[in-house]
Structures are given as C-alpha cells and as structure tokens.
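Engineer: Keeping their order, the protein sequence lines are chains B and Z.
Numbering-wise, the working numbering puts 211 at position 211 of the first sequence, and it's gapless, one number per residue.
When you read off a place in the second sequence, starting at 1, and then add 249, the result is the number in the working numbering.
Derived from the structure by calculation, the hints contain no laboratory data.
Take the hints with a grain of salt, since some may be wrong.
[As the list claims (entries may be wrong)] Computed footprint of chain Z on chain B, listed as stretches where at least three residues anywhere in the stretch have a Cβ under 8 Å from a Cβ of chain Z:
1) 71-81
2) 181-188
3) 191-203
[To be verified] List of simulated lysine-lysine pairs, DSS-like, C-alpha gap at most 27 Å:
4) B/K50 with B/K230
5) Z/K455 with Z/K397
6) Z/K526 with B/K189
7) Z/K283 with B/K178
8) Z/K486 with Z/K430
9) B/K189 with Z/K366
10) B/K189 with Z/K563
11) B/K178 with B/K152
12) B/K152 with B/K109
13) B/K178 with Z/K366
14) Z/K486 with Z/K397
15) B/K189 with Z/K254
16) Z/K563 with Z/K283
17) B/K109 with B/K52
18) B/K50 with B/K196
19) B/K52 with Z/K455
20) B/K145 with Z/K283
21) B/K109 with B/K24
22) B/K195 with B/K109
23) Z/K486 with B/K50
24) B/K195 with Z/K254
25) B/K189 with B/K52
26) B/K109 with B/K197
27) B/K230 with Z/K526
28) Z/K430 with B/K189
Since the structure is predicted, the reported quantities are computational estimates derived from the model, not experimental observations.
Quick reminder that beta carbons are idealized off the backbone N, C-alpha and C, glycines included.
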Amino acid sequence: MILAVCIKRVPDTNARPQVAPDGKSINPQGIEWVINPYDEFAIEEALRLKEKAGTGEVVGVSVDPDGNESILRKALAMGVDRGILVKGGSMFDGAVTAELLAGVLKNVKADLILFGKQAVDSDSYQVPSLVAHHLGLPRANVVTKLEIQGTKAVCRRQIEGNEELLELSTPCIVSCQKGLNEPRYPSLKGIMAAKKKPLEVLEAPPIEARIEILKMEPPPPRPPGRIVGKGREAVPELVRLLREEAKVI
Amino acid sequence: MREFKGLDFYEMDGLFSEEEVMVRDTVRSFVTEKLLPLLPECWEKGTFPKTLIRDIGEMGLMGANLTGYGCAGMNNVAYGLAMQELERGDSGVRSFCSVQGALVMYPIHTFGNEEQKQRYLPRLAEAEIIGCFGLTEPDFGSNPGGMKTRAVRKGNRWILNGTKMWITNGSSADVAVVWAKVDDVVHGFLVERGMKGFRAQEVRGKLSLRVSDTSELILEDCEVPEENHLPGTDGIKSAFMCLNAARYGIAWGAIGAAMACYDEALSYARNRVQFTKPIAGYQLVQAKLVQMLTEITKAQLLCLQLGRLKDQGKASHVQVSMAKRNNVWEALKIARMARDILGGNGIINEYQSMRHMCNLETVYTYEGTHDIHTLIIGEHITGLPAYY
Ligand SMILES: Cc1cc2nc3c(=O)[nH]c(=O)nc-3n(C[C@H](O)[C@H](O)[C@H](O)COP(=O)(O)OP(=O)(O)OC[C@H]3O[C@@H](n4cnc5c(N)ncnc54)[C@H](O)[C@@H]3O)c2cc1C
Numbered sequence: 001m002i003l004a005v006c007i008k009r010v011p012d013t014n015a016r017p018q019v020a021p022d023g024k025s026i027n028p029q030g031i032e033w034v035i036n037p038y039d040e041f042a043i044e045e046a047l048r049l050k051e052k053a054g055t056g057e058v059v060g061v062s063v064d065p066d067g068n069e070s071i072l073r074k075a076l077a078m079g080v081d082r083g084i085l086v087k088g089g090s091m092f093d094g095a096v097t098a099e100l101l102a103g104v105l106k107n108v109k110a111d112l113i114l115f116g117k118q119a120v121d122s123d124s125y126q127v128p129s130l131v132a133h134h135l136g137l138p139r140a141n142v143v144t145k146l147e148i149q150g151t152k153a154v155c156r157r158q159i160e161g162n163e164e165l166l167e168l169s170t171p172c173i174v175s176c177q178k179g180l181n182e183p184r185y186p187s188l189k190g191i192m193a194a195k196k197k198p199l200e201v202l203e204a205p206p207i208e209a210r211i212e213i214l215k216m217e218p219p220p221p222r223p224p225g226r227i228v229g230k231g232r233e234a235v236p237e238l239v240r241l242l243r244e245e246a247k248v249i
Numbered sequence: 250m251r252e253f254k255g256l257d258f259y260e261m262d263g264l265f266s267e268e269e270v271m272v273r274d275t276v277r278s279f280v281t282e283k284l285l286p287l288l289p290e291c292w293e294k295g296t297f298p299k300t301l302i303r304d305i306g307e308m309g310l311m312g313a314n315l316t317g318y319g320c321a322g323m324n325n326v327a328y329g330l331a332m333q334e335l336e337r338g339d340s341g342v343r344s345f346c347s348v349q350g351a352l353v354m355y356p357i358h359t360f361g362n363e364e365q366k367q368r369y370l371p372r373l374a375e376a377e378i379i380g381c382f383g384l385t386e387p388d389f390g391s392n393p394g395g396m397k398t399r400a401v402r403k404g405n406r407w408i409l410n411g412t413k414m415w416i417t418n419g420s421s422a423d424v425a426v427v428w429a430k431v432d433d434v435v436h437g438f439l440v441e442r443g444m445k446g447f448r449a450q451e452v453r454g455k456l457s458l459r460v461s462d463t464s465e466l467i468l469e470d471c472e473v474p475e476e477n478h479l480p481g482t483d484g485i486k487s488a489f490m491c492l493n494a495a496r497y498g499i500a501w502g503a504i505g506a507a508m509a510c511y512d513e514a515l516s517y518a519r520n521r522v523q524f525t526k527p528i529a530g531y532q533l534v535q536a537k538l539v540q541m542l543t544e545i546t547k548a549q550l551l552c553l554q555l556g557r558l559k560d561q562g563k564a565s566h567v568q569v570s571m572a573k574r575n576n577v578w579e580a581l582k583i584a585r586m587a588r589d590i591l592g593g594n595g596i597i598n599e600y601q602s603m604r605h606m607c608n609l610e611t612v613y614t615y616e617g618t619h620d621i622h623t624l625i626i627g628e629h630i631t632g633l634p635a636y637y
C-alpha cells in the first residue's frame, strides 16, 4: 500500500505574524515554521496504517515557494519513508498548490492520499477537494475515524449534531480532523534516520497565479474593556449591557 | 501550557546541526505538552509521572548517546540538549533518564559481555525495564572507595552483603548495578529484583527531587549468579567512569532548570506591578535578570564545547567536573533569584522556580558534591590531592 501525505509549512501557531513593509506579505523574520497541525494527524494516520499493514510506503509531499525542507525532514523523522518537495507555488493560492500537488501525485500512484482538513495559515479548506477534482478521485473531508477494508476506505465525520459514515473506494483522498489520532513525537532514532532518507526536490512548472494579494493589514486593535461596577451590585447592569449592547445573551 | 522558546542570547543555534536542533525541539515539546501539566501533582504526592515512561522509551531518550542494542546513537551534543530539555521540566525526570542511560546502560555497554548486552540493553533502551545504580552507602558518600559492601564467590554464584543508600529508581528498578568489593577490588554486579536476599526501601520525607524514587538497597546474603557479574569492571575507576558519563548530562540538565526559572521570573517581572510600574522596570530586578541570563549563556557555551570535545573523544573528567560544578551552582543561584522575584507566589507549587530550587539542592550534592568537584579540579591544577 502506498500512502501519500500532503504537508504544508505554516507559521508556528503561537507566532504573532507581522505584516512586512511591502504591505502584501508576512514578515518572515522571527517566525518559526512548523508542520501544519492538521497535517500531523494525516502523517500519524498514514504511519499507523502502514504499521498495521506491516508493509507499504509513506510518501510526504510538500509545495513550498522557498523550497524549505525543514518540515519534510521532520515528517521523515516521524517515520515517513521519503519526501517530495515541489519548489514553487505560493503560500496562499490553494488552486496553484492543488495543481502542483496533483501533478506530483499522479506519478506517486498512492492508494490513499491524506491531507489535514485545513492549513492554519490560509484557512481556505480547498486543496484536498481541488486535488480530488484534478485526479478524479473520491474524497472525504474532516474525517475523525478512518479504516481501510480491502479496497474501501470507511470514514466517519462529525456533522451538525450527528455523525456521517462514508465508504470510498480506493484510491481516494481523505482530509483529517483533530480527534483522528494523537500524533507521535519523532523518536531520536527517527531523527537520526531522517537525514539518510530520500528527499527529492522538484522545480514547479510555471502556473499562472489566479490570486494576487493586494494588501495585508493587521486586524484593528480591540477596543479597551469597560468596568461596569464591582461586586454583586454590578450584575444587573452587566446583564443589561450583554443583552442590549453586546447582544450576546 | 505556555510555550517555551528557550534562550539563545549568543546565537548558538547556528552552532548546532539540524538534527541537534530537532532533538532539542522534540524533547522541548514533549516536556511542555506532556510533562509540565503533570508535575505539580506529582511533586505534591511525591510520585514519578509513570504514565510517561512509555513515551520516554519510544522517543529513545534512554541511553540515547550509546550505539547498537536499540539505542538511538546520538552524538553527545544532541544527548546533552535532550537532558537540558528534560530538566527544564524537572530534575527528577532528567535523573530518571541519566541513571538509566549513564549509570545502568553505559556500564552494561562498557563492562558487560555480549550476552549481558543482549539480555538487558534493548529492554532498557525501550524503558520496558528500569535500572538503578548502587554505589553510595550510608557511611560512604563522597568517599565511595571506602565501601563496605562485599561480594564473595561461592561456586558459580556470588554472595553480596551490604547496604546502598540514596539510590535513584531503587524501588522501581528491575535491575540494579551494584558495586561491591571482591577482596579489595571494586566490581559491578547486576542484581535483579526478586533475587534472594535483595530488597529496596524508599526514602521518605524528601524535600528535594520529590518526583524521583530514592531508595535504600539492602543486600543480605544476596545470591547473584556468575552471569550477572560485569566482567569488565576493574576497581572503583570503573564506577567513576559511569559517574563521569552521568555528570556530563547533569551539566546540560542544569541549564534547562535555570532556563525554566529565568523564563518564569522574566515573564512574572514584566507583569507584576508594584508602586508605579512592572517590577521588571526596577534596577535591582534587572540586575538579577541580567545575571541569570549571563550565567545561562556562559553555561551553554561551556557545555557545547565540552560536548564537541566529548564527541572527539577528548573531554577529560576534569573538564566534566568543571561543567557540572559551575552549571549546577549557577542554576541553583538562578533558581533562588527567580523564587525571590516571584515574591509570595514563588513559594507556591503552581510556579516552577521553587521546585527547581529544591531539586537543584540534590543535583548540587549528588554525582560528586560541589566541593568534591572543587577538589578534583584543584588536584588537577596543583598536582596536590586535598581530599584527605
Ligand atoms: C536524591 C539523591 C539521589 C541520589 N542518587 C544516587 C544514586 O542513584 N546512586 C548512588 O550511588 N548515589 C546516589 N546519591 C548519593 C550521592 O551521590 C551522595 O549523597 C553524595 O555523593 C554525597 O555523599 P553524602 O551524602 O554521604 O555526603 P558526604 O560525603 O558526607 O558529604 C557531606 C559534606 O561534606 C563535604 N565533604 C566530604 N568530603 C570532603 C572532603 N574531603 N573535603 C571537603 N569537604 C568534604 C561534602 O562536599 C559535603 O558538603 C543520591 C543522593 C541524593 C540526595
């Protein structure tokens, strides 16, 4: 079984990104990059499926405008067998990313392609579905339980007040949600082994960008809070304000 | 848990390899996410966070700088960084790993025969079994060469008699590396839990290293089969080689404890307002923070160079003594200063500094007290031993 995992490099979730002087990008200074947290569920799931099967290969694929290898190395340290890095695309244009990924995945011929349900930087939730479209594969999004039964992928996902059960025929695409598993820490042995694992770097073919970032602005500063009074006497006024002004109760 | 970023005032990250940084950051996340949330309760109850032993084994933190037999085979700098990060959590947890790696696996790896290595090392590396190291005795601490524990050969067995004191992991251990005199020469033995005449008893009432198991080992006509005698051990110097391996990790570990205290004190001082402004804005507080940062930076540089020397096979035991002596002493002073900056809050278990401070009192004393390291370095530079 060949399992492909698509991995994006994103700013550390604790980072406070600043807009760069050009007003159109994020200042990379001082930002630490991590594996998109939802992609860690995808990596873990792929590793578990391979371990359960006792055979197979897990291939990590990442599109990265800077050709930065660091997160693929971390994936290799977690246990992914080999990496493919596509140098090019953009951090924000999911359509371009999807096209580039589809181009690579066509050749990987995976039985299952796993994604995180969203990238926590651009938050556009589109890449798994777009790749499914390009490759003509079925897909299940935001999956919290996955089981492979022969040539079927049985997926569970939470929907409004209930759970949905989907059965996909492989090859297929699954995007992973928190709760699917608990991602492992890379082992020290894994870290040592990672540098010897193959990591192929491909130059992205030119793809016309269909999204242009015109401007980035930090969110407006939050207005300062207001103290309506002290102790028990303040409660009625607080309730009134929450109801009438803030309209939250 | 608040994220911990480490401290890199002298841009030392550029001196580490990619793998070394990855090891450090991995252990750092593990400590933040899994260990720190458990510590206040473990400390209060005086118990080890046992649920993490499996993770520690799976990550390969046990004997990580040894090669083969399921060990990770890391270089000494990566190993040191792992110890640093563990002790950023708690000295007791770092001690657990130091003992297993440097005082149990290292002697089996160095002085054991092939059969012993196969029998113990893979399981110790995975933390499937736990080990301890029994050298100190009630009457012989700084002077372990005077030990009273004796081993006498009887057919194909050894009969051990004696008492070992202050033994980390003593009650939880499946196997104890016990040092005993055969005539006048110190040898190492692998005493297993359940062997006739062997028992352990936990030390109660500790105000330091509370999450660690510290025990007394009692050997009363304890029968140890010949195959559990470590054939390569030859005198007290074999035991000292183990201590030297552990002291190296302690020197790094102390940096971790110090960084945790500095980090806590700095963030507290920025937020705590007294009189007209945050206390970080007062000169006296700044002087303390500056001293902390300076000493941590010096300790980091000392350890990095020591680690590089060790990887080249050039680190002397005196250099290791200097790093252990300096770094633990400075970490202890830093913990006290941090506790001070936290005011009344500093004495509460919710904050870390006083826990580190209490722990470091042990670290200051074990593995050669501060003063014994002074004497080791003193002898080296003057040629005159001053122990007796
Ligand atoms: C929590 C804990 C865990 C430990 N874990 C282990 C373990 O796993 N295995 C193990 O074998 N041991 C262990 N130890 C023992 C530790 O190594 C000893 O406590 C240490 O070596 C000091 O010995 P002592 O306690 O007998 O003190 P002593 O040797 O009696 O020292 C008391 C004081 O006298 C000073 N002193 C001693 N000799 C001289 C001298 N010649 N000149 C000047 N000053 C001197 C010392 O520096 C110290 O200040 C542990 C100890 C503790 C507290």
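Engineer: Compare the structure with each hint and give your call.
Structural biologist: Here's how the hints hold up against the structure:
no.	hint	result
1	71-81	holds (count 3)
2	181-188	holds (count 5)
3	191-203	holds (count 4)
4	B/K50 with B/K230	violated (59 Å)
5	Z/K455 with Z/K397	holds (25 Å)
6	Z/K526 with B/K189	violated (49 Å)
7	Z/K283 with B/K178	holds (18 Å)
8	Z/K486 with Z/K430	holds (13 Å)
9	B/K189 with Z/K366	holds (19 Å)
10	B/K189 with Z/K563	holds (25 Å)
11	B/K178 with B/K152	holds (22 Å)
12	B/K152 with B/K109	holds (16 Å)
13	B/K178 with Z/K366	violated (42 Å)
14	Z/K486 with Z/K397	holds (17 Å)
15	B/K189 with Z/K254	holds (24 Å)
16	Z/K563 with Z/K283	violated (36 Å)
17	B/K109 with B/K52	holds (20 Å)
18	B/K50 with B/K196	holds (20 Å)
19	B/K52 with Z/K455	violated (45 Å)
20	B/K145 with Z/K283	holds (24 Å)
21	B/K109 with B/K24	violated (37 Å)
22	B/K195 with B/K109	holds (25 Å)
23	Z/K486 with B/K50	violated (48 Å)
24	B/K195 with Z/K254	holds (25 Å)
25	B/K189 with B/K52	holds (20 Å)
26	B/K109 with B/K197	holds (20 Å)
27	B/K230 with Z/K526	holds (24 Å)
28	Z/K430 with B/K189	violated (38 Å)
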